[in-house]
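J.: The listed protein sequences correspond, in order, to chains A and B. For the first sequence, the UniProt record's numbering begins at 1 and goes up steadily by one. For the second sequence, the UniProt record's numbering begins at 1 and goes up steadily by one.
None of these hints come from the bench; they were simulated from the model. Please note that a few of the clues may not be correct.
Label pairs and their calculated CB-CB ranges [stated by the list, open to error]:
id : chain 1 : residue 1 : chain 2 : residue 2 : range
1  : B       : 116       : A       : 38        : 16 to 24 Å
2  : B       : 160       : A       : 49        : 37 to 45 Å
3  : A       : 52        : B       : 168       : 32 to 40 Å
4  : B       : 193       : A       : 25        : 44 to 52 Å
5  : B       : 211       : A       : 33        : 31 to 39 Å
6  : B       : 209       : A       : 28        : 47 to 55 Å
Heads up, incomplete: computed chain B residues facing chain A, CB under 8 Å, no partners named [claimed, not checked]:
id : residue
7  : 68
8  : 108
9  : 156
Here a beta-carbon is modelled for each residue, glycine too, at the ideal position from N, C-alpha and C.
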Amino acid sequence: MGRVVVEVMPKPEILDPQGKAVVGALPRLGFTQFTSVRQGKRFELEVDGEVTPEVLAAAEQAAVTLLSNPVIEDVVRVADIEADAAATVTSQGLA
Amino acid sequence: MTASALATAKVGVVTFPGTLDDRDAARAVRLAGGEAVSLWHADADLHGVDAVVLPGGFSYGDYLRAGAISRFAPVMESVVDAAKGGMPVLGICNGFQILTEAHLLPGSMVKNDHLHFVCREQVLVVENADTAWTRDYAAGQRITVPLKNQDGQFVADDRTLDELEAEGRVVFRYEGWNPNGSRRGIAGITNAAGNVVGLMPHPEHAVEAGFGPASEAGPRAGTDGLGFFTSVLGSLVRA
Chain A
1 MGRVVVEVMP KPEILDPQGK AVVGALPRLG FTQFTSVRQG KRFELEVDGE
51 VTPEVLAAAE QAAVTLLSNP VIEDVVRVAD IEADAAATVT SQGLA
Chain B
1 MTASALATAK VGVVTFPGTL DDRDAARAVR LAGGEAVSLW HADADLHGVD
51 AVVLPGGFSY GDYLRAGAIS RFAPVMESVV DAAKGGMPVL GICNGFQILT
101 EAHLLPGSMV KNDHLHFVCR EQVLVVENAD TAWTRDYAAG QRITVPLKNQ
151 DGQFVADDRT LDELEAEGRV VFRYEGWNPN GSRRGIAGIT NAAGNVVGLM
201 PHPEHAVEAG FGPASEAGPR AGTDGLGFFT SVLGSLVRA
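Bound conformation, chain B alone (with noise of 0.2 Å):
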């Protein structure tokens, strides 16, 4: 791939009321190369994008349910029209919850089983490295990104669980410490396409040294996350 066509390859990123991380995520996509382009929620058009981040937050202070009501955004028919069609769409944390409550993904997110909020640098392991999302890792490869979330239990019935398994649709699970009784300790999932991909870890805050979590090379060094949007970008040159 050629910086040129990286360059070409745009990634938007929605606001929602509520969110607060889609300053990171465009930051994320302009550190890997591409183009970030601002997507508001109550506009359908979405600008021409090549791939949609649903970034986290408490949009709608997460009342009714995380996610219930950002679904019925006018952006969020957009995304799902332009997501059953192939482009690749991230939800990060609330973006996740957005993706379940939008059929998008399986599953669902609850209070998390301690009760706590939760915030912390987790390590995940890379079970899927085959998605739009996951492309430039190793599959059982260990990466370290902070992880923040009240309702981050993830919850499905077991003949969902065991179809996510069997297709090898679970992406990341946590190691060392489940910390959010989620099943199976699946900390994020694809859609049979693999162009979506749903997590609750926050890959867009470990993409920059010096502002990341702790890693060999140093504190805050840790860019692991990166990963997830140099793939998008290869996955949009390639196709």
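Just chain A, with the same shape it has in the complex (with noise of 0.2 Å):
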């Protein structure tokens, strides 16, 4: 089974309000070095079998038709999360 990661983040010019409220909650429980925050949404698209050119150019497809409104929004990564080993040790270390 191959798994496929689309992130999606608002565009810079568009203000993030989700952002915003979580930037002014962080000082409150002590973290005040953060001073802008921007909230996006990460899809992981499984499949059967491995994730080959053809499986990502879909998912490239779907992340700009269906996950993403480009008026809002840019699509920030579509990688086989497999074989970003960085990106899996990173998600099992903070498991």
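Two chains, two separate frames, one set of hints: put the complex together.
T.: Right, dumping it as structure tokens:
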């Protein structure tokens, strides 16, 4: 089973009200060093078998047609996460 | 126009999973003198209607983005085709969000700038009284209708906004207070042909005295929203 990750972020010029709320809450817990937060979305798309270039191309297509709205969001990453060792280690480390 | 011609005009009202205001929209059509026809999201057949209302609510729970999943409902393919052919289509609140996701109208809606759900009686200025849905108003007229949303902040890039302004496609602007941080105070817009209109406030909740916003005639006496529905019925009779 392969897995493709798609990450979507609000465009820089669009005010991100959710990020604004989070950055307002951080200092209340003592996290005073973070001056800005932007909140995006992460999708994990599973496929049977390997993540082939065709699968990645289809994921890119899905990312720009359904998973994001180009008026307000940018697709910042479409990747095979099993092949992306660094990402895998990070997620296991956090879990 | 005659009463019999009005009665033959059929306005479809689409119900998606999570739609809330379909019955109020159908009631508004009837109070304006037309026939309301219920349309179902999974049925691509428009059942011979002459116009379509996409009502408010939280279709598909606003999952992904407000309106993003409804756009792919079978009924929407037919609505998009009909709209491109000139059929009047009105999107209210969630319906407006669906129209932008379906690319029938430009821009998009994001969360209100103050992050709160807002519910109030809102004054709007009618800026374009020449669309299929606003012909019974006068340009510059102030109307009061309910407004209730979470993701009501209209956004678009500056070029799109300039284009909308230059072409007179800003149909409504918020008066007094911008309740969600919408760019340039825009509450509603239209397409180039003027048959597709979308707005965040709710005209269908201000159509019958006793059940509307406060007005000079008394509490809950406001019926300023009725003009949307008489306008489209008038457009259909003329067409």
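J.: If any of the earlier hints don't hold here, list their numbers in rising order.
T.: 3 and 5
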